[in-house]
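K.L.:
In my numbering, the protein residues as written are 2 to 71.
To be clear, the hints were calculated from the coordinates, so they are not data collected in a lab.
Quick caveat: nothing in here was measured; it's all calculated off a predicted structure.
Treat each hint with caution, since some may be false.
Label pairs and their computed distance ranges (CB to CB) [claimed, not checked]: (1) V62 / T16: 29 to 35 Å; (2) L33 / M63: 30 to 36 Å; (3) D35 / I6: 24 to 30 Å; (4) G14 / I44: 19 to 25 Å.
The beta carbon of each residue, even a glycine, is placed where N, CA and C say it ideally should be.
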Amino acid sequence: MKNVIKQINDFLGMTTGLLINLIVAGTIIGILYDDIFGVIAGIGNAVSAIGDGGVAGLVAVMVVAMWMKK
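Please construct the entire structure, taking both the sequences and the accompanying hints into account.
P.N.:
Here it is in structure tokens:
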């Protein structure tokens with residue numbers, strides 16, 4: 002059972018790492034080539050949504066940051 006949980010955890014960690022790398026690559030491509038994929042606009046929309054959320058947005062950012070530290 003521990004082996005299955007470890008494999009799932011490893012898979013999720015690998016998937017998260019891949020998604021972070023894709024976001025970084027999309028951002029760099031957006032800066033260099035006029036935001037073809039709309040990554041920078043999506044990041045801007047997410048940041049403005051968090052800002053519009055007030056305290057709830059701040060709490061959400063803190064929860065995600067604590068989750069990413071683990």
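K.L.:
None of the hints should be skipped; say for each whether it holds.
P.N.:
Cross-check of the supplied hints:
no.: 1; hint: V62 / T16: 29 to 35 Å; result: 22 Å, violated
no.: 2; hint: L33 / M63: 30 to 36 Å; result: 32 Å, holds
no.: 3; hint: D35 / I6: 24 to 30 Å; result: 44 Å, violated
no.: 4; hint: G14 / I44: 19 to 25 Å; result: 22 Å, holds
In the structure shown, a violation is registered for the earlier hints numbered 1, 3, in ascending order.
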